[in-house]
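Trainee: Sequence:
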Amino acid sequence: MTKERLRAYRDLRIERDQLKSKIEELSAELYSLRSQRLDGMPRSGSKGNNTWMESQIDRKDEVLKLYKQKEAALTAAML
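Under the numbering used here, the first residue of the sequence shown carries the number 412, and numbering increases by one thereafter.
Derived from the structure by calculation, the hints contain no laboratory data. Predicted model only: the values in this text are computed from it and were never measured. Hints may contain errors.
Within a straight-line C-alpha distance of at most 20 Å, the following computed SDA-like cross-link-like pairs (lysine to any residue) qualify [as the list claims (entries may be wrong)]: (1) Lys481 with Trp463; (2) Lys476 with Lys414; (3) Lys433 with Trp463; (4) Lys481 with Asp428; (5) Lys433 with Arg470; (6) Lys431 with Thr462; (7) Lys414 with Met464; (8) Lys479 with Ser438; (9) Lys471 with Ala487.
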């Protein structure tokens, strides 16, 4: 392997590790307990929370897709 290929491999690993951390962060946000806002203002049930959760799930899916692409690129680079 040339130095250039090694640097590219290292950069891919760093990106993959950052994506993995982001996935873990998003998972923690999704599955953590959220406290209720008690400000006396009327709310429309849990609809607001559902849209937040749906957007977080979509975001996690996007990051997971990128992670899998980086993982495949790393595997290909090792061959």
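Trainee: Now tell me if each hint is right for this structure.
Mentor: Tested hints:
no. : hint               : result
1   : Lys481 with Trp463 : violated (27 Å)
2   : Lys476 with Lys414 : violated (28 Å)
3   : Lys433 with Trp463 : holds (17 Å)
4   : Lys481 with Asp428 : holds (9 Å)
5   : Lys433 with Arg470 : holds (10 Å)
6   : Lys431 with Thr462 : violated (24 Å)
7   : Lys414 with Met464 : violated (44 Å)
8   : Lys479 with Ser438 : holds (16 Å)
9   : Lys471 with Ala487 : violated (24 Å)
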